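Chain residues, written in single-letter form:
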Amino acid sequence: MAMQETRELLRIEHLKKYFSTPSGILHAVDDVSFVLDEGKTLGVVGESGCGKSTLGRTILRLHEPTDGKIFFDGQDITGLDKKRMKALRRDMQIIFQDPFASLNPRMTVGQTISESLIIQGLVDKQDKRSLDKRVAELMDLVGLAPRLINSYPHELDGGRRQRIGIARVLALNPKFIVCDEPVSALDVSIQAQVLNLMQDLQDSFGFSYLFITHDLSVVKHLSDEIIVMYLGKMVEKAKTSRLFANPLHPYTQALLSAIPVPDPDFPVNRILLEGELSSPINPAPGCRFAKRCPKACDKCREADIPLKEVEPDHFVACTLVR
Amino acid sequence: MSTTRTQRKQRSLWFEAWRRLKKNKLAMAGLLFLALLVVIAISTIIIDIATNKSYYNDHVIKQNLRLRLQGPSKDHIFGLDEFGRDIFLRMLWAVRYSLFMGTIAIAMSTIVGGILGAIAGFYGKRTDNIIMRFMDILLAIPSMLLATAIVAALGTSLTNVLMAIAISYIPTFARTVRASVLTIKDQEFIEAARALGASDLRIIGKYILPNSLAPLIVQASLGVAGAILSIAGLSFLGLGIQPPTPEWGSMLSNARSYIRDGWHITVIPGLGIMLTILALNVLGDGLRDALDPRLKN
Amino acid sequence: MTETNQELIRIEDLFIDYETDDGIVHALNGVSLTLHVGETLGLVGETGAGKTTLAKGILRLIPDPPGKIKEGKIWFEGKDLLELPEHAMQEIRGQSISMIFQDPMTSLNPVMTVGEQIQEVIRNHNPELDKEELHAWSCAMLEKVGISADRIDEYPHQFSGGMKQRVIIAIALACNPKLLLADEPTTALDVTIQAQVLDMIRTLKQELNTAMMLITHDLGVVAQNCNRVAIIYAGEIVEIGDLRQIFKRPTHPYTIGLLESIPSLAKDVERLNPVKGMMPDPTDLPPGCKFAPRCKFVCERCAQRVPDLIDIGDGHMVRCINSKDTQSYASTRE
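Protein chains in written order, with our numbering: chain A, 1 to 322; chain B, 1 to 297; chain C, 1 to 334.
FYI, nobody ran anything at the bench for these hints, they're computed from the structure.
All the pointers check out, no bait thrown in.
In the DMTMM-like style, the derived pairs of lysine to aspartate or glutamate whose C-alpha atoms are separated by at most 20 angstroms in a straight line are: (1) C:LYS248 <-> A:ASP263; (2) A:LYS86 <-> B:GLU191; (3) A:LYS239 <-> A:ASP224; (4) C:LYS267 <-> A:ASP263; (5) C:LYS144 <-> A:GLU276; (6) A:LYS40 <-> C:GLU270; (7) B:LYS22 <-> C:ASP22.
Below, a sample of chain C positions facing chain A; criterion: calculated Cβ distance under 10 angstroms: (8) GLY162; (9) ALA195; (10) VAL222; (11) ILE246.
Please read all numbers here as calculations on a predicted model, not as lab measurements.
Built from N, CA and C at the ideal position, the CB exists for glycine as well.
Next up, chain A with everything else stripped away, as it sits in the complex:
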């Protein structure tokens, strides 16, 4: 694969997404900024409530951003109207986590994949032959046996259903794909198959991935850069190798130490966090992790802590890191 010039594909500036709830305003995504280049993978890591899924969906305008800007391919798409957004959807797609809930139970494999082609006008829906041909090509690319074309999702296992989800995205030949925990719901031996497939497709077609997951081990070998989120805020951002070699934010350190490694000899330096997540509704000023942080001090609770670049391309939001 020839070396591509790293061209900026997606730029997110101070993106915010808030939801109104009866108890108050839920700060799902609170001031996230990053840049994703063509052909690269950005990992977004965090646990429940951190806002990573909302982030992915807001970038695709499946939720309307509350504030901030989204630039795609140089164009400001934050306020783009519905019609032009539809055309852009060919380039920006999403693979979902739940391989069952994300497929229409009343449509066959062939029909689901055809939907992409028909909705975006890539193939005329009257032209059955071209449709069938393209569907067959796509099924082959993702490793689905041709005889499954008339099967329904409930007849297939999680791994195959997830391949359908990938095929329907592939049909549009997008530039950017949000992968929302694409393998979390799959069995261990199938996870590796699907991850390899995604990697191969990226090598062949040059997609950029926004890889959302709670599993740092999965994101380690796929991502070029990683951002760690906690309760809507970005707490750390670094190139993958740097993040694992030198995690600076106490949350990142705790997260890494909590992941059980399948090797009984691997030294366990468990940083056990106390307590539970604080609420993302009407959050108090100051670091949102302070309540559970083993190193928290008074300064942490005073005001929101900005991201600082502490070494080249390594950003942390923590008062204790210089």
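Dock chains B and C against chain A, hints included.
Then chains B and C, alone, in the frame of chain A:
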């Protein structure tokens, strides 16, 4: 790779539901009974067309006052009514009104109610509010009263009776579909369709409605039962089908004065109504069990 | 680490089927397993391997129909659990053997307070206790799992996922059972919460000397919590041994495949090495070795008959006729 996967039939959810329904003996009995009624209704229509209504005129509505109120006998298995007419034949000729009218009324109601419910559920907020409050108004009026009012005002023609019943059932179907739509609307495959750029119309038509049909089908089959009762009720009150056309409700109504002269005049039409409603109810229950997605493993 | 070798429960040749419309699902195909007092046995397998069936089988919680226990014996405290009358099993459940399930969201009764639910199990097995004693016992259990006793009268919906799982553990351990069956107890939880909950389980277990069968698909969790490990595939135990034997000298091709295919923080890979294919259809199992269709060490003899579990040294058992080949392969990858 196991080879049996190629041999197993590709099965849609409808097919699996049908399989489950087949196992329900009671529901199948109900289905069979209804099928029989459909055959009877069609046969009587064919006979009317073939004989140019002469058979009808000579045997179904022709009065024979000398033989009136005769009980069941070899020649007339259900006996004769107060005008000497063969009850068995009148029962057969009456089927079409109850069954077809009930079905057509509900069909109209389902379509209108379904669309309103889908729009209310999908768009929510003010649209939902407006539509559902209007449904509430309709629901506040007892359906028999509503039907009576419409028929009394506009006349007792077949179409008016149908319309009256259809209108009274619209809110039920609107509610049913709205509830389904609200559940489905938040599922991921809807989001996936949106992410592809699908229009609202496409999402409602191809994604939401096909997945909302199950509760609607159950409600519709039970609705037909209710509609048949309503038609019988209206005829009973003299507002529905007019004599001499046979209709179970009016047969029952006219028999009231003759209860002491023969059990057959009241019991037979009453039994006809009862069995039909029973068949529709067990079928509706069976459909509910068969279509219930929780039974999918 | 437990030093005692005293046997607590012994499962012999357990066969369990589910008779469904689509055919007979052979969920367990001759499972034999032993657990010792105080030890933690990790039962590792993927969806459909039979792990939950095994756990429910031990407690005789398999619904019949469609489940049928075809043959086998489960020896516990000198008795065969499969032969006991139902009322005797009820005495055992919650008191001698407890189980916790995967989804904390649906395991608790939403209309009873957590206190009432803990007291329920205590009362079932100790009917002579009065209200105060029950209350005191349940408060003590709550504190033991790291929840303040003030919350004894709160309802499940007032607790987060991790806390709910703690309550469930409190219920399971309230009567100090000898054996705890934990079916994927932390799979639904966030990884930092998982670490807290597993840590708590480890401490409590040690304090009460409870043996545990930890069912999971996560080899990382196994590596950090178990003394011995059993790998289950298509209703059979294919490998069993102590922790180091399994992780350092994996012998069955499935075990080797699993260990090679998972992404790990401990190693850097360019590309993952998945096990090809899929688990066989349990209504249509292949003849002979059930892993043969996916195995890279397969030979002709593999499909002829089901291999026996063979001891390859020090209690390390493997169900494979080509274990010599797999061992030399594994040693080259070290």
